[in-house]
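Residue numbers (the numbering used here), protein chains in the order written: chain L, 1 to 750; chain A, 751 to 902.
Worth flagging that the hints you see were computed from the coordinates, not collected in a lab.
Just so you know, not all the hints are guaranteed correct.
[Claimed, not checked] Derived lysine to aspartate or glutamate pairs resembling EDC-like cross-links, with alpha carbons at most 20 Å apart: (1) L/K634 with A/D871; (2) L/K193 with L/D250; (3) L/K298 with A/D769; (4) L/K287 with A/D769; (5) L/K203 with A/E842; (6) L/K298 with L/E268; (7) L/K468 with L/E541; (8) A/K896 with L/D194; (9) A/K835 with L/D701; (10) L/K96 with L/E268; (11) L/K212 with A/D781; (12) L/K298 with A/D767; (13) L/K596 with L/D701; (14) L/K287 with A/D765; (15) L/K634 with L/D701; (16) A/K896 with A/D873; (17) L/K294 with A/D769; (18) L/K212 with A/D765; (19) L/K196 with L/D155; (20) L/K287 with A/D802; (21) A/K761 with A/D781; (22) L/K347 with L/E541; (23) L/K634 with A/D781; (24) L/K294 with A/E779; (25) A/K761 with A/D802; (26) L/K347 with L/E552; (27) L/K287 with A/D781; (28) L/K294 with A/D767; (29) A/K866 with L/D695; (30) L/K287 with A/D767; (31) A/K896 with L/D695; (32) L/K253 with A/D767; (33) L/K96 with A/E842; (34) L/K203 with L/D250; (35) L/K391 with L/E552; (36) L/K634 with A/D873; (37) L/K294 with A/D765; (38) L/K736 with L/D629.
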Amino acid sequence: MATDLGKTNANLDFSRRALLRASLTFGGGLALHAILPNVAGAANDGAATEGSALTAFVRIAPDGVVTILSKNPEIGQGIRTMLPMIIAEELDVAWKDVRIEQAPLNEGVFGRQHAGGSNSTPENYMPLRRVGAAGRRMLIAAAAQEWSVAADECDTDAGVVQHRKSGRSLSYGALAAKAAQQEVPDLASVKLKDPKTFKIIGKRIPGVENAKIVTGQPIFGIDVTVPGMLHAVFEKCPVFGGKVSSANIDAIKALPGVHDAFIIHATEANPSKDPEGIVDGVVIVAKSWWTANKAREKLAIVWDEGPSSTHSSEGYAAQAEKMLSGAPSTLLRNDGDPDTALKGAAKIVEASYSYPFLSHLVLEPQNCTAHFSNGKIDLWAPAQNPGPGQKLVAKTLGLEEKDVIVHVTRGGGGFGRRLQSDFMAEAAWISRKIGAPVKLLWNRRDDMQHDFYRPAGFHKFKAGLDDKGALVAFTDHFITFGKGGKPANSSATMPATEFPAQLVPHLRFGQSVIESSVPTGPMRAPRSNALGFVFQSFMDELAHAAVRDPLEFSLALLGEARSLPTDPAKPDPQRDFNTGRMRNVLLHVAEISAWKDRGQLPRGTGKGVAFYFSHLGYFAEVVQATVSDTGAIKIDHVWVVGDIGSQIINPAGAEHQAQGAALDGLGAALGQAVTIEKGRVTQANFDSVLPLRIDQAPRVDVEFITSNFPPTGLGEPALPPVAPALCNAIFAATGKRIRQLPIDTRLLKA
Amino acid sequence: MVYIIEVNGSKRTVDVDPDMPLLWVLRDELDLKGSKFGCGGGFCGACTVHVDGQPTRSCQVPISTIGSAPIATIEGIAANPIGAKLQAAWMELDVPQCGYCQAGQIMSATGLLTSKPRPTDQDIDAAMSGNVCRCCSYTRIRAGIKHVAEGK
Numbered sequence: 001m002a003t004d005l006g007k008t009n010a011n012l013d014f015s016r017r018a019l020l021r022a023s024l025t026f027g028g029g030l031a032l033h034a035i036l037p038n039v040a041g042a043a044n045d046g047a048a049t050e051g052s053a054l055t056a057f058v059r060i061a062p063d064g065v066v067t068i069l070s071k072n073p074e075i076g077q078g079i080r081t082m083l084p085m086i087i088a089e090e091l092d093v094a095w096k097d098v099r100i101e102q103a104p105l106n107e108g109v110f111g112r113q114h115a116g117g118s119n120s121t122p123e124n125y126m127p128l129r130r131v132g133a134a135g136r137r138m139l140i141a142a143a144a145q146e147w148s149v150a151a152d153e154c155d156t157d158a159g160v161v162q163h164r165k166s167g168r169s170l171s172y173g174a175l176a177a178k179a180a181q182q183e184v185p186d187l188a189s190v191k192l193k194d195p196k197t198f199k200i201i202g203k204r205i206p207g208v209e210n211a212k213i214v215t216g217q218p219i220f221g222i223d224v225t226v227p228g229m230l231h232a233v234f235e236k237c238p239v240f241g242g243k244v245s246s247a248n249i250d251a252i253k254a255l256p257g258v259h260d261a262f263i264i265h266a267t268e269a270n271p272s273k274d275p276e277g278i279v280d281g282v283v284i285v286a287k288s289w290w291t292a293n294k295a296r297e298k299l300a301i302v303w304d305e306g307p308s309s310t311h312s313s314e315g316y317a318a319q320a321e322k323m324l325s326g327a328p329s330t331l332l333r334n335d336g337d338p339d340t341a342l343k344g345a346a347k348i349v350e351a352s353y354s355y356p357f358l359s360h361l362v363l364e365p366q367n368c369t370a371h372f373s374n375g376k377i378d379l380w381a382p383a384q385n386p387g388p389g390q391k392l393v394a395k396t397l398g399l400e401e402k403d404v405i406v407h408v409t410r411g412g413g414g415f416g417r418r419l420q421s422d423f424m425a426e427a428a429w430i431s432r433k434i435g436a437p438v439k440l441l442w443n444r445r446d447d448m449q450h451d452f453y454r455p456a457g458f459h460k461f462k463a464g465l466d467d468k469g470a471l472v473a474f475t476d477h478f479i480t481f482g483k484g485g486k487p488a489n490s491s492a493t494m495p496a497t498e499f500p501a502q503l504v505p506h507l508r509f510g511q512s513v514i515e516s517s518v519p520t521g522p523m524r525a526p527r528s529n530a531l532g533f534v535f536q537s538f539m540d541e542l543a544h545a546a547v548r549d550p551l552e553f554s555l556a557l558l559g560e561a562r563s564l565p566t567d568p569a570k571p572d573p574q575r576d577f578n579t580g581r582m583r584n585v586l587l588h589v590a591e592i593s594a595w596k597d598r599g600q601l602p603r604g605t606g607k608g609v610a611f612y613f614s615h616l617g618y619f620a621e622v623v624q625a626t627v628s629d630t631g632a633i634k635i636d637h638v639w640v641v642g643d644i645g646s647q648i649i650n651p652a653g654a655e656h657q658a659q660g661a662a663l664d665g666l667g668a669a670l671g672q673a674v675t676i677e678k679g680r681v682t683q684a685n686f687d688s689v690l691p692l693r694i695d696q697a698p699r700v701d702v703e704f705i706t707s708n709f710p711p712t713g714l715g716e717p718a719l720p721p722v723a724p725a726l727c728n729a730i731f732a733a734t735g736k737r738i739r740q741l742p743i744d745t746r747l748l749k750a
Numbered sequence: 751m752v753y754i755i756e757v758n759g760s761k762r763t764v765d766v767d768p769d770m771p772l773l774w775v776l777r778d779e780l781d782l783k784g785s786k787f788g789c790g791g792g793f794c795g796a797c798t799v800h801v802d803g804q805p806t807r808s809c810q811v812p813i814s815t816i817g818s819a820p821i822a823t824i825e826g827i828a829a830n831p832i833g834a835k836l837q838a839a840w841m842e843l844d845v846p847q848c849g850y851c852q853a854g855q856i857m858s859a860t861g862l863l864t865s866k867p868r869p870t871d872q873d874i875d876a877a878m879s880g881n882v883c884r885c886c887s888y889t890r891i892r893a894g895i896k897h898v899a900e901g902k
């Protein structure tokens with residue numbers, strides 16, 4: 001059930017294996033059933049639900065109202081607005097006539113329905129354009145038949161088919177029934193609009209649920225109510241992997257308002273030890289959540305804490321230091337002869353960097369409402385990855401997947417946390433046990449102490465510059481976390497292509513692994529959120545050692561515009577790192593941030609630059625920061641420039657994602673760490689892990705460069721450059737180098 | 751204990767423990783789900799409502815302390831002309847990302863503009879820094895407040 005988010009799906013146009021069928025709705029309208037390919041690009045059969053009105057991707061009613069399903073979960077990334085915009089554009093309807101419904105979970109029909117990896121745009125842009133375009137062709141065909149004219153004499157505009165020669169026109173609503181009887185165009189060859197004629201794509205469209213949000217409508221998972229529902233809390237062992245020995249269950253059950261209390265043993269509920277499956281703990285069920293949560297104060301559990309109870313962040317750091325003094329256990333990459341090249345270098349630069357475990361801090365704590373009845377279960381959850389969640393629940397309860405019905409709600413933030421579906425398995429188990437519908441809600445301590453954390457890490461760099469200041473040799477020893485000598489998951493790995501690989505003749509990346517049972521998983525821009533900080537900070541160190549402008553140093557390293565294939569045997573221009581696209585965003589951010597004038601900044605103020613390629617997006621960012629004599633940091637301004645391809649689908653959403661990602665990265669750098677003592681997380685709330693607040697949030701200017709590449713996603717790639725840009729700005733302001741996150745301002749005192 | 755409280759202009763009767771926080775009375779007893787649970791410690795502001803006109807963290811206020819003080823929540827804030835303008839600005843400027851914090855943001859912003867109709871950036875920082883937005887929609891929250899303050 002592990003989720004591999006390190007991989008981003010390239011812009012493969014899966015549309016050729018999509019299917020489209022049309023039918024007449026009960027109300028006399030047109031329904032388009034799109035069977036989208038699965039994530040591997042193989043055809044889906046969609047047989048289970050063929051023709052079901054519930055899975056019709058697009059419906060056009062006789063009154064002209066167009067209903068479009070939004071297939072993927074909305075967690076704040078704007079997908080519920082953006083994906084329907086794509087269909088509406090090619091269908092050529094007025095946005096005001098569009099209604100949006102959340103698609104049911106059915107990956108056999110809709111393809112992957114997840115919110116991760118910034119994949120929704122590359123996976124869906126072309127398929128959804130083709131679905132919309134096919135619908136438009138059928139409406140035109142219906143009108144042409146009605147008027148006995150050639151289809152190519154007809155045109156469309158905002159939900160109306162026109163025949164200009166005769167001045168006739170018919171609305172889509174009036175044509176819908178007839179359109180349902182037309183031949184369905186071949187999706188692979190259906191003619192698409194010229195992007196220059198787009199009327200919806202490229203416009204600032206506000207979120208389609210904004211009205212519900214600002215009036216407090218119950219649209220989040222935590223707001224779900226089911227008749228007869230009880231409320232549950234689940235106290236888990238604070239030490240990862242610990243077990244319940246005993247608990248005062250009878251005393252808890254006797255408390256007023258408490259309906260039930262019981263122990264869950266992982267040996268029973270998760271015999272396969274699925275990392276997302278149920279862990280040991282005690283459940284309390286009550287008539288209200290507050291009553292259940294309050295009863296935890298009286299809970300006395302004897303834990304068998306197990307072998308992890310000796311683990312600590314300090315211990316991990318000591319192990320890392322020891323490992324770094326030796327050779328890496330695994331070689332990730334070796335180009336040329338780095339040791340000889342280092343010996344011959346004119347200047348050697350060495351530095352060690354580290355970063356902590358991080359918690360996702362979603363504002364809506366994990367929750368799920370479950371109703372087990374007659375061998376089937378309904379779940380309402382703010383899931384990012386409902387398909388694997390359905391499989392996990394089926395496995396946990398021993399049900400068939402078809403008997404696990406997942407209703408995806410809006411999520412109050414995700415950031416990768418809800419890609420794991422542990423909370424769904426817990427709610428499902430509890431509902432079956434008590435024989436009633438139940439809402440499981442974690443409190444903030446649960447959420448912070450039982451996360452799948454961004455893995456901590458350590459790096460030791462050694463690099464050599466020649467007498468002209470060019471980078472000729474580069475080595476990194478990377479320490480990560482896992483089991484059995486292997487990184488825990490893809491979020492705990494480092495790619496062999498990590499920049500500056502492929503640009504330095506003599507380069508070696510090595511890796512060693514600290515044994516740990518701290519659960520880890522993807523967090524917004526997995527791997528990149530940490531690797532961006534260490535590599536782009538060290539690049540700045542190298543530029544200063546070479547007495548070069550960091551921007552010029554990077555441009556020289558990038559060299560001429562070209563693609564650097566991950567696999568030389570299989571070049572992929574969309575997936576492979578393109579030095580030209582990176583140069584362009586760097587040059588543009590330098591221009592809008594007045595980089596060359598940075599020498600005129602007052603004492604204590606500096607600008608830093610950093611860039612990063614992740615999730616198919618190219619981002620360069622400049623931060624201006626001021627450091628006071630007491631070490632206090634004020635971030636004055638951030639400039640973000642991105643290249644995510646030929647088209648910004650919703651500029652309002654794109655700007656939001658880029659601003660949010662940059663500020664998110666700053667918040668983590670300034671005030672966030674999860675530390676382990678005696679095998680448990682020491683932080684429990686927002687007083688010890690500090691989310692960014694409005695008084696810390698600088699102005700963030702965002703600009704996009706369009707390039708001749710297919711559009712790609714934006715939830716993540718604007719995040720990685722911001723922390724190193726900040727740390728590089730602090731160096732420019734103070735001469736002090738930050739090599740550990742979060743930033744310790746005590747090191748910055750004058 | 752039976753309590754009669756005034757919520758959004760209506761008298762409501764609830765029978766709950768005296769120490770039940772107002773947030774849970776609103777959410778689970780009165781089915782007003784707009785005020786959100788975020789941290790339970792008064793650190794995030796997602797549960798902000800008005801008690802006697804003052805922005806208040808409802809997760810920190812036991813029902814027994816409310817008495818006759820009128821309560822306004824996001825569901826009723828449109829009755830306040832400033833609240834209604836903020837709701838309209840939030841939609842026009844597309845302020846929400848996930849939207850989970852925004853009820854609390856609007857309640858705090860309504861309190862700010864009621865006491866300071868033309869707030870400076872420092873006033874906004876002071877009044878709004880108790881409300882966390884994990885999506886970091888702060889640029890537009892600030893713009894939304896200024897939009898209303900400037901009478902747009």
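Hint-by-hint comparison with the structure:
Taken as a hint, the L/K634 and A/D871 pair is honoured in the structure, with Cα atoms around 15 Å apart against an allowance of 20 Å. At most 20 Å may separate the alpha-carbon atoms for a hinted pair to count; L/K193 and L/D250 exceed this at roughly 68 Å. Between the alpha carbons of L/K298 and A/D769 the distance comes to roughly 16 Å, so the proposed pair stays at or under 20 Å and holds. Distance restraint check for L/K287 and A/D769: the Cα-Cα separation of roughly 16 Å lies within the 20 Å cut-off, and the hinted pair is therefore satisfied.
Distance check on the hinted pair: L/K203 and A/E842 sit about 14 Å apart at the alpha-carbon level, within 20 Å; holds. Between L/K298 and L/E268 the alpha-carbon distance is near 26 Å, which puts this suggested pair outside the 20 Å criterion. Note on L/K468 and L/E541: the hinted pairing holds, with a Cα-Cα distance of about 16 Å set against a maximum of 20 Å. Of the supplied pair hints, the one linking A/K896 and L/D194 is violated, its CA atoms being roughly 39 Å apart against a limit of 20 Å.
Distance hint between A/K835 and L/D701 is unfulfilled; the C-alpha atoms sit about 26 Å from each other, more than 20 Å. Distance restraint check for L/K96 and L/E268: the Cα-Cα separation of roughly 52 Å exceeds the 20 Å cut-off, and the hinted pair is therefore not satisfied. Among the hinted pairs, L/K212 with A/D781 is consistent with the structure: their alpha-carbon atoms are about 16 Å apart, no more than 20 Å. Our distance criterion of 20 Å between C-alpha atoms is met by L/K298 and A/D767, whose separation comes to about 17 Å.
Distance restraint check for L/K596 and L/D701: the Cα-Cα separation of roughly 18 Å lies within the 20 Å cut-off, and the hinted pair is therefore satisfied. Taking the CA atoms of L/K287 and A/D765, the gap is about 13 Å. The hint holds against a cut of 20 Å. Annotation: proposed proximity of L/K634 to L/D701 holds, straight-line Cα distance about 17 Å (limit 20 Å). Between A/K896 and A/D873 the alpha-carbon distance is near 11 Å, which keeps this suggested pair within the 20 Å criterion.
The suggested pairing of L/K294 with A/D769 holds, with an alpha-carbon distance near 10 Å, which does not exceed 20 Å. Using a Cα cut-off of 20 Å, the hinted pair L/K212 and A/D765 is violated, with the two alpha carbons roughly 29 Å apart. Restraint check for L/K196 and L/D155: satisfied, since their Cα atoms lie roughly 16 Å apart, inside the 20 Å limit. Proximity of L/K287 to A/D802 is assessed by CA-CA distance (about 30 Å); at most 20 Å being required, the pair is judged violated.
Annotation: proposed proximity of A/K761 to A/D781 holds, straight-line Cα distance about 14 Å (limit 20 Å). A distance of roughly 12 Å separates the Cα atoms of L/K347 and L/E541; the hinted pair therefore holds under the 20 Å criterion. At most 20 Å may separate the alpha-carbon atoms for a hinted pair to count; L/K634 and A/D781 exceed this at roughly 42 Å. The suggested pairing of L/K294 with A/E779 holds, with an alpha-carbon distance near 16 Å, which does not exceed 20 Å.
For the proposed pair A/K761 and A/D802, the alpha carbon gap of about 14 Å is at most 20 Å, so the pair holds. With a C-alpha separation of about 18 Å, the suggested pair L/K347 and L/E552 falls inside the 20 Å cut-off, and the hint holds. Between L/K287 and A/D781 the alpha-carbon distance is near 14 Å, which keeps this suggested pair within the 20 Å criterion. Only pairs whose Cα atoms come within 20 Å are accepted, and L/K294 paired with A/D767 is accepted, the gap being roughly 11 Å.
At roughly 17 Å between alpha-carbon atoms, A/K866 and L/D695 fall within 20 Å of each other, so this suggested pair holds. Straight-line distance between C-alpha atoms of L/K287 and A/D767 comes to about 12 Å, which keeps the hinted pair within the 20 Å bound. Between the alpha carbons of A/K896 and L/D695 the distance comes to roughly 15 Å, so the proposed pair stays at or under 20 Å and holds. With a CA separation close to 18 Å, the supplied pair L/K253 and A/D767 stays within the 20 Å bound.
For the hint pairing L/K96 with A/E842, the CA-to-CA distance comes to about 15 Å; that is within 20 Å, so the pair holds. Restraint check for L/K203 and L/D250: the C-alpha separation of about 61 Å exceeds 20 Å, so the hint is violated. Annotation: proposed proximity of L/K391 to L/E552 is violated, straight-line Cα distance about 51 Å (limit 20 Å). For the proposed pair L/K634 and A/D873, the alpha carbon gap of about 17 Å is at most 20 Å, so the pair holds.
For the hint pairing L/K294 with A/D765, the CA-to-CA distance comes to about 17 Å; that is within 20 Å, so the pair holds. Annotation: proposed proximity of L/K736 to L/D629 holds, straight-line Cα distance about 13 Å (limit 20 Å).
Figure legend: structure checked against the earlier numbered hints; hints not met, in rising order: 2, 6, 8, 9, 10, 18, 20, 23, 34 and 35.
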